[in-house]
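2 protein chains.
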Amino acid sequence: MTTKLVLAVCATFLIQAAQALPFDPLPAKPPIPADNPQTPAKIELGKKLYFDPRISKQGTISCNSCHNVMLGGDDNRPNSIGHNGQRGARSAPTVWNSAFLSVQFWDGRAKSLEEQAKGPLTNPVEMAMDSQDVVLFRIRKVPGYLAEFKKVWPNIKTNEDITIDYVAKAIASYERTLIAGGSPYDQFLRGNKKALSAQAQAGMKLVQEVGCTSCHMGANFAGPPLPEGTGFYQKFPVYPGSEYDAKYDLLKDKGRFEVTKAEQEKNMWRVPTWRNIALTAPYFHNGSVKTLDEAVKVMAKTQLNKDLKPEEVSSIVSFLESLTGKFPEQKMPRLPETPGVSIVE
Amino acid sequence: MTTKLVLAVCATFLIQAAQALPFDPLPAKPPIPADNPQTPAKIELGKKLYFDPRISKQGTISCNSCHNVMLGGDDNRPNSIGHNGQRGARSAPTVWNSAFLSVQFWDGRAKSLEEQAKGPLTNPVEMAMDSQDVVLFRIRKVPGYLAEFKKVWPNIKTNEDITIDYVAKAIASYERTLIAGGSPYDQFLRGNKKALSAQAQAGMKLVQEVGCTSCHMGANFAGPPLPEGTGFYQKFPVYPGSEYDAKYDLLKDKGRFEVTKAEQEKNMWRVPTWRNIALTAPYFHNGSVKTLDEAVKVMAKTQLNKDLKPEEVSSIVSFLESLTGKFPEQKMPRLPETPGVSIVE
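Protein sequences, first through last, are from chains U and S.
Going by numbering that gives the first Met the number 0, the residue at position 333 of the first sequence is 332; the numbering climbs one at a time, nothing skipped.
Going by numbering that gives the first Met the number 0, the residue at position 188 of the second sequence is 187; the numbering climbs one at a time, nothing skipped.
Any given hint could be a false lead.
A pair counts as met if it fits within one copy or between any two copies, since identical chains are not told apart.
Said to hold, decoys possible - Straight-line Cα separation of at most 27 Å, DSS-like style, residue types lysine-lysine; simulated pairs:
| hint | residue 1 | residue 2 |
| --- | --- | --- |
| 1 | 289 | 204 |
| 2 | 251 | 110 |
| 3 | 110 | 253 |
| 4 | 110 | 156 |
| 5 | 300 | 110 |
| 6 | 140 | 150 |
| 7 | 289 | 140 |
| 8 | 156 | 140 |
| 9 | 330 | 150 |
| 10 | 330 | 28 |
| 11 | 246 | 305 |
| 12 | 193 | 204 |
| 13 | 246 | 110 |
| 14 | 140 | 325 |
| 15 | 150 | 325 |
These are computed hints drawn from the structure, not numbers from a lab.
Using the sequences and the accompanying hints, generate a full structural model.
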């Protein structure tokens with residue numbers, strides 16, 4: 000799909016959504032791709048791989064290091080710290096509810112969780128594996144993994160049948176279980192009128208009146224439901240020229256332009272979710288804004304050219320805080336072992 | 000207790016132990032200090048602190064980073080990687096069954112798990128917090144922690160009542176639940192004669208005949224039971240001069256001498272456990288030996304001046320592999336949150 004067409008589709012959805020008022024509780028299950036159905040064995044294998052630091056160069060970084068499911072699904076840092084203390088340029092997005100996004104990464108460059116999962120493994124400032132083959136080499140060195148892959152995909156007979164696509168599919172399947180619904184806001188929508196404070200309800204009204212929900216719409220507040228691979232993007236800042244451009248270095252990273260090199264995609268970004276946003280400070284693609292209050296103020300100014308009053312900011316923050324979901328209890332995975340040897344150095 | 004006295008006590012135990020043949024299954028529970036009784040709320044709080052990366056300088060390293068309970072309780076690396084990619088000089092010991100040790104760290108410089116827990120927090124190449132006060136500052140910034148400390152210690156009323164000793168006590172309490180018994184060896188001792196292969200049984204005989212169990216004795220194979228704070232130490236190498244001194248750089252780190260500066264403690268080390276040793280490669284204080292086979296060969300040569308035949312090494316390794324315990328299932332902790340702000344930078 001060309002960017003032009005995507006934008007046209009988005010615009011249409013946007014108009015529909017603005018008419019329909021998009022307050023929906025989070026569905027219990029996200030979309031599941033036809034070629035990667037959920038199975039308990041696959042989810043369990045994916046969980047092990049998600050927590051396995053041995054698939055990073057020095058054996059110290061797992062998916063969970065930067066997307067910590069014991070917290071808000073990220074690392075609460077401006078940018079993540081990867082191999083040898085190096086820092087990425089962007090802030091780690093939360094893994095919670097990411098299964099509801101139609102594209103992944105801040106710039107939407109991965110069309111699915113499967114594709115996303117492959118990225119950090121070989122990114123030199125993240126897990127820094129020299130190649131996908133080295134990732135597979137490590138996994139094949141862990142005797143217990145083969146049995147688990149076999150259980151999930153009976154066509155896998157030997158270690159050599161394990162491919163990076165199977166690895167990515169298992170990880171994505173686990174991530175599709177990381178759904179945090181049942182927030183006060185979801186309870187409110189389902190009829191419990193006491194679930195939201197008066198202030199949060201005022202905030203819920205304000206985000207519509209001010210215009211925030213013209214982008215942050217849908218059950219995940221990340222845009223209308225779109226087919227996998229079709230992103231919902233927005234320029235940031237829409238209104239450049241405010242003091243925030245310099246203060247928070249908003250224009251340096253060109254967003255989708257860095258991928259597509261298309262002039263019209265300069266500073267275009269995937270619209271991020273609002274769910275669990277209270278847990279994912281600091282804010283924005285570069286993690287430059289430390290508090291949710293300030294993030295709300297900056298967004299109103301840069302995206303809608305509006306100056307919010309302090310009490311409006313407080314109400315909106317109160318509403319955003321009501322979007323923190325209930326995290327399902329999980330058993331800790333036991334990673335298969337390599338008796339008598341180490342596979343990391 | 001002076002070192003001399005410790006050594007004398009050790010020698011006495013050693014003789015007793017050698018006479019008594021110390022094959023005991025691992026008790027279900029380790030010693031619990033009188034001033035830190037186990038309670039479910041304390042264990043749960045300790046688990047959260049154990050997994051909380053926010054008590055490291057950059058918010059990226061938790062106790063579990065180097066003592067990974069999803070694996071063998073260590074990080075399978077020669078040495079651990081801490082703050083900003085820095086490396087420690089020694090290999091991370093396993094946390095599993097560490098509650099049975101009478102002193103902690105390779106050099107026994109901490110008399111208890113409580114004391115040990117405080118070490119890495121402010122070690123500049125580990126979690127690198129500037130001071131214990133900064134650790135407390137971070138913990139106090141997490142609103143949910145106060146309620147949990149109050150539940151455990153009713154005398155705690157405000158954030159200021161939380162001290163580093165309470166933090167250490169909670170972490171140590173969690174660590175005392177990390178007991179991995181029920182290994183094939185334990186099953187064998189409890190009467191299931193099929194639990195050990197013939198080769199492992201041959202190895203079990205050999206470790207006595209060769210002399211390994213003159214140090215690696217007791218239920219935890221780390222020495223006789225001694226009061227908390229009294230270490231069981233041994234020189235390594237006992238027989239210097241072999242090719243291994245240079246090959247594995249065995250003499251550089253002076254062990255207890257680095258702490259006490261006492262000449263007679265040069266190259267003295269706490270006798271490490273054999274339990275789960277198959278999961279904690281690479282081996283020795285400096286992690287210089289990559290495989291368990293080689294570790295057995297080197298130990299026989301440097302400690303007992305014996306050259307083992309390959310089939311003897313295999314039998315001993317087979318026995319050591321039978322010491323891998325069953326790890327209790329655990330629920331993943333949910334760490335208390337800091338809504339709207341981040342406390343790490």
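Hints versus structure:
1. 289 / 204: within (25 Å within a copy, 62 Å between copies)
2. 251 / 110: within (24 Å within a copy, 52 Å between copies)
3. 110 / 253: Classified as within: same-chain Cα gap 19 Å, cross-chain 55 Å, threshold 27 Å.
4. 110 / 156: Neither way: residue 110 and residue 156 sit 29 Å apart in one copy and 51 Å across, limit 27 Å.
5. 300 / 110: Close neither inside one copy (30 Å) nor across copies (57 Å); limit 27 Å.
6. 140 / 150: within (18 Å within a copy, 45 Å between copies)
7. 289 / 140: For residue 289 and residue 140, only the inter-copy Cα distance (15 Å) is at most 27 Å; the intra-copy one is 42 Å.
8. 156 / 140: The answer is within: 15 Å in one copy meets 27 Å, while 51 Å across copies does not.
9. 330 / 150: For residue 330 and residue 150, the Cα distance is within 27 Å both inside one copy (20 Å) and across copies (24 Å).
10. 330 / 28: both (20 Å within a copy, 22 Å between copies)
11. 246 / 305: Only inside one copy: residue 246 and residue 305 sit 18 Å apart there, 69 Å across copies, limit 27 Å.
12. 193 / 204: within (16 Å within a copy, 70 Å between copies)
13. 246 / 110: neither (32 Å within a copy, 50 Å between copies)
14. 140 / 325: between (37 Å within a copy, 22 Å between copies)
15. 150 / 325: between (31 Å within a copy, 22 Å between copies)
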